[in-house]
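Q: Here is how the chains run, residue by residue.
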Amino acid sequence: MRYITTIGEREFAVEIVDDSHILVDGKIYELNFDSVEDQPVYSLLVDGYSHEAYVYLVDGVWQVLMHGHFYPVMVEDEGEKRLRTSVAGSLHHGGEYHLKAPMPGMVVTVPVEEGQAVAKGDVLLVLESMKMQNELKSPRDGIVTHLRVKSGDRVEQHQTMLSVVD
Amino acid sequence: MRYITTIGEREFAVEIVDDSHILVDGKIYELNFDSVEDQPVYSLLVDGYSHEAYVYLVDGVWQVLMHGHFYPVMVEDEGEKRLRTSVAGSLHHGGEYHLKAPMPGMVVTVPVEEGQAVAKGDVLLVLESMKMQNELKSPRDGIVTHLRVKSGDRVEQHQTMLSVVD
Amino acid sequence: MFKKVLIANRGEIAVRIIRACRELGLQTVAVFSEADRRALHVRNADEAYLLGPAPSRESYLRGDKIIEIARTCGAGAIHPGYGFLAERADFAQACADSGIVFIGPKPSAIASMGDKAVARRTVAAAGVLVVPGTEAVGALHDDDLLAIAPVIGFPLLIKATAGGGGKGMREVANLEEMPGLLRSARREAEASFGDGNVYLEKLIEGARHIEIQLLADQQGNTIFLGERECSIQRRHQKLVEECPSPFVGEDQDLRNRMGQVAVRAAQAVDYVNAGTIEFLVDKDSNFYFLEMNTRLQVEHPVTEMVTGVDIVKEQIRIARGRQLRYQQDDIDLNGWAIECRINAEDPYNNFMPSTGVITHITPPTGPGVRIDTGVYAGFAVTPYYDSLFTKLIVWGETRAEAILRLRRSLEEYKIVGVRTNIPFHQKLVDSHRFMGGQFDTRFVEERFSIESTEDDADADLDIAAIIATLVAHRYNQRATNIVQRGKRDASNWKWISRWERMQH
Amino acid sequence: MFKKVLIANRGEIAVRIIRACRELGLQTVAVFSEADRRALHVRNADEAYLLGPAPSRESYLRGDKIIEIARTCGAGAIHPGYGFLAERADFAQACADSGIVFIGPKPSAIASMGDKAVARRTVAAAGVLVVPGTEAVGALHDDDLLAIAPVIGFPLLIKATAGGGGKGMREVANLEEMPGLLRSARREAEASFGDGNVYLEKLIEGARHIEIQLLADQQGNTIFLGERECSIQRRHQKLVEECPSPFVGEDQDLRNRMGQVAVRAAQAVDYVNAGTIEFLVDKDSNFYFLEMNTRLQVEHPVTEMVTGVDIVKEQIRIARGRQLRYQQDDIDLNGWAIECRINAEDPYNNFMPSTGVITHITPPTGPGVRIDTGVYAGFAVTPYYDSLFTKLIVWGETRAEAILRLRRSLEEYKIVGVRTNIPFHQKLVDSHRFMGGQFDTRFVEERFSIESTEDDADADLDIAAIIATLVAHRYNQRATNIVQRGKRDASNWKWISRWERMQH
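Residue numbers (this note's numbering), protein chains in the order written: chain H, 380 to 545; chain U, 380 to 545; chain F, 436 to 939; chain Y, 436 to 939.
Quick caveat, the hints were computed from the structure, so don't treat them as lab data. In this text the structure is predicted, and so the values were computed from the model without any measurement. Just to be clear, a hint being listed does not mean it is correct.
Unchecked claim - Here are the computed lysine-lysine pairs in the DSBU-like style, where the Cα-Cα straight-line distance is at most 35 Å:
| no. | chain 1 | residue 1 | chain 2 | residue 2 |
| --- | --- | --- | --- | --- |
| 1 | Y | K439 | F | K849 |
| 2 | Y | K718 | U | K510 |
| 3 | H | K516 | F | K849 |
| 4 | U | K460 | Y | K849 |
| 5 | U | K516 | Y | K849 |
| 6 | U | K479 | U | K460 |
| 7 | U | K479 | Y | K849 |
Starting from the given sequences, assemble the full structure and let the hints guide the process.
A: Okay, here's the thing in structure tokens:
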């Protein structure tokens, strides 16, 4: 199986040969790969070196946390990669931004109103969790819509609280 | 639900009233019972006191390991209890004793032969596991039968290795 | 004297205090909220009683209920830990009124030091230098504060009068932004302490936060147990603490002067039990009183490891009326200890709190490693309480050894189920300025970035690519298999739940 | 000098050594058998190489293969840990021949001390008292041994010439039972060390096993790091060790005399690196040389906690040619440390070994607690290696504090998936004789029973009954539900796998 694996600007052509061999950009590696207690912790022995990493899948991106470093990784086959590259331009702009609760908590205050214009960096909402107040900011310019919460509301993780549109 | 719960000579009449109440020998206890991470470790709050125990089910006996003490417990409803008491006499004597491997290991030596008479306490077999040689002794007088292993054999846990009959 | 102690707290500090009681042969009573039935302090205590629903106001802040439980179950003393009721003079007084020993200072001392404005006046009167700021008494209105601010000079800090731990604290660069910051500071102070009052303090630039640990018995003996360096902070929350301070280091004269001033400040309020005087120290080794924490500190273990004194046991002994077992001359600093606060937050997502069930922990162990924690594999970290859930403390013969031990411990530490700030600590410990001991209280926010690219990260880019590809490959294969055959049998269920964990 | 160390071992000691290397900035190489792919030492090392199948002979005893790996990957030194190749002079020599530093003594010292008969002659010649026994050289036949036995007198011990750790050791009460015991001792010695030779030693009754930890550098400096009490044994396997010894206690004169004799014994064989002289000490404080262990001991952590010396790091420094960082006068004993060996065995079933996947661990943590372990939740304990998988070590200012801390640590320690001897330790620590420090090497087998009924056990009988009934009730309810409805869905599968764990 062949994959195109991307970390930031770097692209790797990876081919999984068999259970103990992998080809990366034409170079063959001997490896031994195992997970730790069915947890998203992986142990990789490659050419004798021992590595251990957490791997999480978040919004289609493989987050690899290893030796204290964080790597967001895209793993795609050639078809997927082509598709993503060709539509990237059209998807990038426009559309709505949905502000989702990054964790369960209580809405402390909503300093914006429906229909209000906001600039990138403006505070949209203050959410309290674990005794900390977290200011959630707008990643873009736009108009506030679909305001679904008010101060005092409890929200679940990933719950959409409001949207910002062009 | 009513149970008769036996530890050694002591017998308890236990009635489970609801999720937070239990009646033991006519005395009511308020309790809060929970397991720890779906493991056989249980936390019991009873009348304010906090207890924690491992509970294992081995050959129909509930083994409770608590505060460093070991309690083998029988839990039966009235019918089961009556049945066990009535047939106890007939089951106790006669029949075969099956020597099962208490752990995986290697048979070091079998100092008995098929058909040989052995006395209670005689060594039937020496099993090596974890670098220790463990002498497995006969719990009764009898004749060795069904000898299924020889020295050098690897055995799995619970595998029957030989029997001793009257 | 009391034989049973109620611990009016949760998490790692409740567990820590239960341990001290057990090791003194005292019975322990835990209290817990509905969210904490499975918490370690409930499991470890001899007795445990429900306080109420998860929010602190309805559980751990219910002083009345806690005292009632203590009376009912016959607990002769209450240890408040830190946070919650630890610095509430009214609670300490209510304990005394109920004939229960409060393991801490007298209510009067808590009150004088708890109102930060009063505290500043008190210690200033005892001849201790204080950071310039508002000296007025009582509740100041925004108008007053806005008027005083330019006199103190910018940058300055808004601080909660009842506060601590960075809650309700804001930095102000100029007068224009001050009204908004006053509002949010008051709001946070109100939420955290039930008291929205704030005061102002000059922001001393390039300063270090260094504090002195004190012990005082009822016989009038007060000693100090060296200093702690707490300058590694983010949003005024301490993240890493050391004993001794690399700034004080071999300067025994500075250490003694700070210690003696701290003792004087404590004596000014007839202080009894454990307490900490926080100082700001400028580049020229001038030090200013910041505040006194009239309780056990989160970071007390580093002092324990270097002095050999079990501070919590000593607190209990003092509360039982015993004389201090140590005199000032008995206190030697042996080696070096560093603590990392392990918080449930995502350092790669602006340190957002992270909640969930911890599914796996492999802790670092071995020589010179101590862990204080309130969690275990299977426990759920909820959004109701502080994100600090574990402390990793290491000891070494020298600071260099301690740092190397910390590095290997952080690398060994595996926690799955919530995101933690362990990667932050790993990056920090590897930074040249931390290794050199060269940092002030603004180092983390101004000069440090977890995102910064480093050479060794690039070196492992191919390894990260290989691991991600292998995991993705396994995922694709398995997913195809399940969809094609519709096989939702046991092994697939196990696999599905595993992938659910992975996407946390 | 070497920058990369190969650790020729597994389990907790391999992890311990990797940690020391990391903290010295050295690269680490693990080796592993097919059974140990997921072992902690493999996960923690920088590099890891497969040796072969699970049995030790085909993996951890393959000295040739280990040296080949070291040469291939560029490891300049090999640390053997304890057991396996640690006391094989031929392996140490093979390392030297390959230009690899063996972190331990010279082959000649291993050889002299490794053959117990030679060792006894050597130290006796240096003026050290030895336990009476066979003094003849080389392999003794059963006929010789049976002839000498009555001269030494009964009871006596058969011991493996190449031995250690109680393997191949048998107690003999009279001549009649001796032939059978010789057979089984030789069999076990052959299996454990590849050498079936045995010798005889008088059994000194009421004796304590007390040992002296030594460090010797290449410059000719030899120091001792106090003593360890190791009398708590079962089947000649140590179970609990302390530093200092409650028998030696305040008797600094006895400590010094034993230490000086130990230093003399080591110097008699030009000893270099860490080593231990074991003594038997009778009631009148006469002490007899038993044997020298020319390697790191399992119980080294108790000495580390009391002296503050990191013995493994010191071993590596010595191997790098450095001079000892301590002189005899620098060594102070501070406080008290006790170690419990946590074995995978069932104390309620004649200490039978227990294997299986460890599904859960809640370790004790907090002040004064150290754990050295090679396992984690999810790891499988296999039947191939020693049942010792974890060491719990506690430190206290006094022996009493250490015992109290040990009690609470043992109670907190939760391990699920294999049976452990933790309950044995709990009972032991609670026994009056242990608390009083009054025991000899036969105490556990002759005067101690884990089955003995005690008052507090009876007090909890009703609690045990309640818990068992509640678990049984849940079990019945769930089982009924599944059978009746045939519902093998996700939540039931989870439940079924949980019950499978319970029946381990």
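Q: Give a verdict on every hint.
A: Against the structure, the hints come out as follows:
1. Distance restraint check for K439/Y and K849/F: the Cα-Cα separation of roughly 25 Å lies within the 35 Å cut-off, and the hinted pair is therefore satisfied.
2. Annotation: proposed proximity of K718/Y to K510/U holds, straight-line Cα distance about 33 Å (limit 35 Å).
3. Straight-line distance between C-alpha atoms of K516/H and K849/F comes to about 31 Å, which keeps the hinted pair within the 35 Å bound.
4. The hinted pair formed by K460/U and K849/Y meets the criterion: a straight-line CA distance of about 33 Å does not exceed 35 Å.
5. Under the criterion of a C-alpha separation no larger than 35 Å, the hint pairing K516/U with K849/Y is consistent with the structure, at around 31 Å.
6. This hinted pair checks out: K479/U and K460/U have alpha carbons roughly 27 Å apart, not beyond 35 Å.
7. This hinted pair checks out: K479/U and K849/Y have alpha carbons roughly 28 Å apart, not beyond 35 Å.
Comparing the model with each earlier hint shows no violations; every hint is respected.
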